[in-house]
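J.: Here the protein sequences come in this chain order: E and A.
Take any residue in the first sequence, note its place counting from 1, add 42, and you have its number in the working numbering.
Take any residue in the second sequence, note its place counting from 1, add 55, and you have its number in the working numbering.
Source of the hints: derived by calculation from the structure; they are not laboratory data.
Because the structure is a prediction, the values reported are computed rather than measured.
Backbone N, C-alpha and C fix where the C-beta goes; we use that ideal spot for every residue, glycine too.
Take these hints with a grain of salt, some might be off.
What the hints assert, rightly or not - Calculated cross-link-like contacts (lysine-lysine; reagent style PhoX-like; alpha-carbon spacing at most 25 Å):
1) K333(A) with K155(A)
2) K92(A) with K63(A)
3) K335(A) with K377(E)
4) K353(E) with K412(E)
5) K314(E) with K387(E)
6) K253(A) with K377(E)
7) K387(E) with K294(E)
8) K155(A) with K353(E)
9) K127(E) with K294(E)
10) K353(E) with K329(E)
11) K156(E) with K63(A)
12) K156(E) with K127(E)
13) K253(A) with K156(E)
14) K253(A) with K155(A)
15) K377(E) with K329(E)
To be verified - Selected chain A positions facing chain E (in silico; Cβ < 8 Å):
16) I71
17) A74
18) C75
19) K92
20) F94
21) G111
22) G256
23) G260
24) G261
25) P265
26) H277
27) H278
28) T295
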Amino acid sequence: MADLTQNYDVLVIGAGNAALCAAITARLEGARVLVLEAAPSHSRGGNSRHTRNIRYAHNEATDYVTGPYPVGEYIEDLMRVTAGKTNETLAGMVLEQSEQVVDWMQDQGVRFQKPLSGTIGLGRTNAFFFGGGKAMMNSYYARAENLGVEILYEAEVTGLTLNDGRFAYAQVLHGGQMHDVSARSLVVASGGFEANIEWLKEAWGEGAENFLIRGTPFNKGALLRVLLDHGAQPVSEADQCHAVPIDARSPKFDGGIATRVDCVIYSIMVNKHAKRFYDEGEDIWPKRYAIWGRLVGQQPDQIAYAVIDSKIPGLFMPTVFPAFEANTIPELAEKLELDADALEKTVTDYNAIVEPGDFDPTRLDGCHTKGASPEKTNWAQKIDTPPFYGYPLRPGITFTYLGVEVDEKARVLFGRERKPASNIYAAGEVMAGNILGQGYVGGLGLLIGNVFGRIAGQEAARRATS
Amino acid sequence: MPLVDTIKEAERLMTICNACRYCEGFCAVFPAMERRKTFGEGDLTYLANLCHGCQGCYYACQYAPPHEFEVNVPQTLATLRAETYADFVWPGFLGALFRKNGVVVSLGMALGLGFLLLLLFGMQDMSIIFGSHTGEGAFYRVIPYAAMVWPFGLVFAFAVFSMIMGGVSYWRSTAVPSGVRLSIGAILGGVWDVLTLKNLGGAGGGCNYPDESFSGMRRLFHHFTFYGFMLCFAATSVATIYDHWFGWIAPYSFTSLPVLLGTVGGIGLLIGPAGLMKLKIDADPAPRARELVGMDVAFLMLLFLVSFTGLALMVLRETSAMGTLLAVHLGFVLALFATLPYGKMVHGVYRFLALVQDAAEQKSHH
């Protein structure tokens with residue numbers, strides 16, 4: 043049983059991937075470890091429980107990946123998406139250590155997906171968890187509990203007390219009471235602030251009210267704010283986040299993977315005035331997945347509508363909510379609550395300038411419009427075959443990038459002079475911005491959490507027990 | 056017809072699952088789901104019977120209750136499965152027997168037992184019932200050959216016929232997609248899946264039963280039960296051959312093939328049902344369907360008692376207890392035969408057919 047009056051060696055705040063990697067590692071180093079999770083046990087694990095795979099470097103195909111993905115290629119991918127907004131030392135360290143990550147995870151009991159006969163293929167760059175992120179987290183929890191890590195749920199940290207830059211104790215709300223919980227070292231692995239709508243508004247304006255949060259409602263960024271207020275050095279910016287277009291009917295929080303709508307590239311996207319606003323066919327979907335959350339967020343009322351005809355369903359993943367369906371465009375507009383004349387004009391104008399071409403959903407097919415503003419540069423087909431379908435879409439925030447700066451030992455850096463804290467470490471989304479300052483590479487967030495979680499856990503334990 | 060609510064709920068869940076697909080590695084259900092875009096009643100019946108209830112997808116689910124999507128696939132599919140059992144029963148008016156199946160099977164046990172005891176004590180002399188009998192034909196001196204063969208043969212034949220009829224109406228209802236062809240390979244694939252229970256294998260870790268941790272115990276105990284049952288069946292078949300073709304009359308020696316098969320099978324049929332029962336008692340109720348508990352428990356009890364009394368009979372067959380034990384054992388066997396088509400046993404029929412369909416769909420999909 044967790045005992046809040048005890049002085050633990052290592053206090054871990056947060057209970058997702060990075061936190062559990064830190065807790066397990068610290069415990070394996072011999073430290074007495076307490077994990078504080080704000081969520082109740084059924085919702086434990088932060089955003090990690092919505093994840094699915096981890097990207098790691100490997101030199102050959104294995105049971106879990108189809109081919110080699112050398113460190114060099116990984117680094118190139120990272121440099122391209124971040125446009126250099128990365129700490130190259132930390133990034134290089136994480137990507138090099140990524141080679142051992144799958145073995146380490148398996149040692150903790152995490153299971154990976156082997157190729158299945160039938161419909162399912164594996165990836166080359168990412169290893170998939172058997173059963174997804176929640177199954178992965180369940181394995182970590184089982185491992186941590188077996189090792190004797192103490193985990194307290196519904197324990198919300200509201201503040202930290204530092205003495206001369208040293209962590210002394212945390213203020214913890216648990217069971218309706220405040221507790222001061224002390225420990226020799228502190229690991230902050232409590233995620234970003236995407237569930238804090240007020241904070242999002244500071245960066246995005248009032249429109250953030252209309253954002254949907256794909257992950258846990260518990261990522262309010264409380265600890266990030268506390269660290270920044272104590273003078274921790276910020277990294278990346280508050281308006282940097284990963285946002286994808288998801289169904290506007292999705293839950294406000296925790297909608298996860300199932301709420302995405304993948305038909306954008308085959309559609310025309312219109313805003314609430316039924317006007318197109320961006321080249322839907324710019325690139326293949328995974329590469330453009332992440333820009334559309336932002337694009338929709340910039341439209342009036344932060345909403346947009348994907349409109350397709352009956353040629354398209356079947357080309358993209360089934361959706362969790364059914365499309366709005368109608369036999370004419372004006373009828374569809376009515377169902378989507380758009381101006382019928384305006385949508386009909388947009389579709390008619392668009393159909394008039396679609397150039398003939400060989401539509402091919404599997405590649406950049408060059409089917410385009412001529413004279414539109416904006417043009418559609420691939421997969422442009424007339425929308426002329428009823429029934430017509432429409433999906434309302436809103437930005438779904440996956441995670442935020444603003445974090446605290448750390449060094450290669452995961453120590454939080456304080457002040458302009460970037461002085462490393464003596465016993466405060468950070469791992470996971472709260473510091474991922476050091477490496478992923480902008481852009482997105484699928485499966486990198488978990489890797490950062492894993493590598494920095496383990497570094498933080500080890501350093502924190504050694505600091506506490508030395 | 057399954058209840059509209061269950062069908063609707065299963066359709067709702069499969070729509071969510073098909074947009075997520077994180078669970079595709081657990082078992083055959085999710086790849087089969089991915090081969091579909093919409094879910095009619097036939098599809099859902101098939102998926103429900105394909106589900107082995109391993110619960111992996113429940114504990115891995117980011118949308119499990121209290122999430123507002125309230126996804127609980129094992130529970131919903133189990134409920135639907137139970138409703139399909141009542142649906143496909145032959146003759147159809149006996150579907151009600153699945154509603155309170157624990158009671159029905161228990162009554163079956165009481166009636167089987169009562170019938171045999173009445174037969175014995177009503178028609179036999181006490182000195183014969185409580186006498187010691189040895190050598191060729193010892194059993195038949197207590198209960199005559201004809202009294203054993205005819206009722207049991209008829210009840211068993213009826214049970215088999217009834218289950219075949221159930222299987223036929225199940226197969227017709229599941230609406231196998233066009234282009235999917237049944238083949239010898241598909242049937243063998245289904246047989247292999249039954250023999251190995253690979254769908255309870257997880258990623259080598261077994262299933263999440265009785266709780267969230269991975270365990271191979273359920274698969275193991277089901278193997279004990281299944282192979283125990285099969286060995287007992289083989290023992291009976293060999294004995295029948297001995298009797299009919301060779302004129303060798305039971306009881307057979309302890310080292311004879313029927314007794315060896317029956318002993319090994321019988322022990323399996325003690326360990327298996329007892330183990331499954333223990334797991335069931337420990338099981339987390341959240342992913343389970345309460346409607347099925349009575350059916351499961353009654354069937355496990357019946358198998359256990361059939362085996363226990365059979366082994367006791369073998370051990371004590373040369374004592375004065377033989378007559379009574381024989382009647383008790385045969386009473387349970389009769390109850391088992393009579394309730395086969397109206398109890399948990401039918402899961403084997405529909406599960407096998409679902410696995411055959413799955414194997415056929417996989418072959419056509421390639």
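J.: Each hint needs a verdict: does it hold in this structure or not?
T.: Outcome of the hint check:
1. For the given pair, K333(A) sits about 22 Å from K155(A) by alpha-carbon distance, which is consistent with the 25 Å threshold.
2. Using a Cα cut-off of 25 Å, the hinted pair K92(A) and K63(A) holds, with the two alpha carbons roughly 15 Å apart.
3. Between K335(A) and K377(E) the CA atoms are separated by roughly 49 Å; this puts the pair beyond 25 Å, and the hint is violated.
4. Restraint check for K353(E) and K412(E): satisfied, since their Cα atoms lie roughly 21 Å apart, inside the 25 Å limit.
5. A distance of roughly 14 Å separates the Cα atoms of K314(E) and K387(E); the hinted pair therefore holds under the 25 Å criterion.
6. Taking the CA atoms of K253(A) and K377(E), the gap is near 47 Å; set against the 25 Å cutoff, the hint is violated.
7. Of the pairs offered as hints, the one joining K387(E) and K294(E) is violated, with about 33 Å between alpha carbons and a cut-off of 25 Å exceeded.
8. As the CA atoms of K155(A) and K353(E) are separated by approximately 50 Å, the hinted pair breaks the 25 Å bound.
9. Proposed proximity of K127(E) and K294(E) is contradicted: the alpha carbons are some 30 Å apart, above 25 Å.
10. Proposed proximity of K353(E) and K329(E) is supported: the alpha carbons are some 23 Å apart, at most 25 Å.
11. Of the pairs offered as hints, the one joining K156(E) and K63(A) is violated, with about 33 Å between alpha carbons and a cut-off of 25 Å exceeded.
12. A C-alpha spacing of about 35 Å is found between K156(E) and K127(E), which places the hinted pair above 25 Å, so the restraint is violated.
13. The hinted pair formed by K253(A) and K156(E) meets the criterion: a straight-line CA distance of about 14 Å does not exceed 25 Å.
14. For the suggested pair K253(A) and K155(A), the alpha carbons sit about 31 Å apart, so the restraint of at most 25 Å is broken.
15. Only pairs whose Cα atoms come within 25 Å are accepted, and K377(E) paired with K329(E) is rejected, the gap being roughly 31 Å.
16. The beta carbon of I71(A) is positioned within 8 Å of a beta carbon in chain E (closest approach about 5 Å), and the interface hint is therefore held.
17. Residue-level restraint check for A74(A) holds (minimum Cβ-Cβ distance to chain E is 4 Å; threshold 8 Å).
18. A least Cβ separation of about 4 Å between C75(A) and chain E falls short of the 8 Å threshold, and the interface hint therefore holds.
19. For the restraint placing K92(A) at the interface with chain E, the shortest Cβ-Cβ distance is roughly 6 Å, inside the 8 Å limit, so the hint holds.
20. A least Cβ separation of about 10 Å between F94(A) and chain E goes past the 8 Å threshold, and the interface hint is therefore violated.
21. For the restraint placing G111(A) at the interface with chain E, the shortest Cβ-Cβ distance is roughly 6 Å, inside the 8 Å limit, so the hint holds.
22. For G256(A), the interface hint is violated, since its Cβ never comes within 8 Å of a Cβ in chain E; the closest pair sits about 11 Å apart.
23. At a threshold of 8 Å, the smallest CB-CB gap from G260(A) to chain E is about 6 Å, leaving the interface hint in force.
24. For G261(A), the shortest C-beta to C-beta distance to chain E is roughly 11 Å, which exceeds 8 Å, and the interface hint is violated.
25. At its closest, the beta carbon of P265(A) sits 15 Å from a beta carbon of chain E; the interface hint therefore is violated under the 8 Å criterion.
26. A cut of 8 Å between beta carbons decides the hint on H277(A): the least distance to chain E is about 21 Å, and the hint is violated.
27. For H278(A), the suggested interface contact is broken, since its CB lies about 22 Å from the closest CB of chain E, more than 8 Å.
28. Because the beta carbon of T295(A) sits about 41 Å from the nearest beta carbon in chain E, more than 8 Å, this interface hint is broken.
Consistency with the previously given hints fails for numbers 3, 6, 7, 8, 9, 11, 12, 14, 15, 20, 22, 24, 25, 26, 27 and 28, ordered from lowest to highest.
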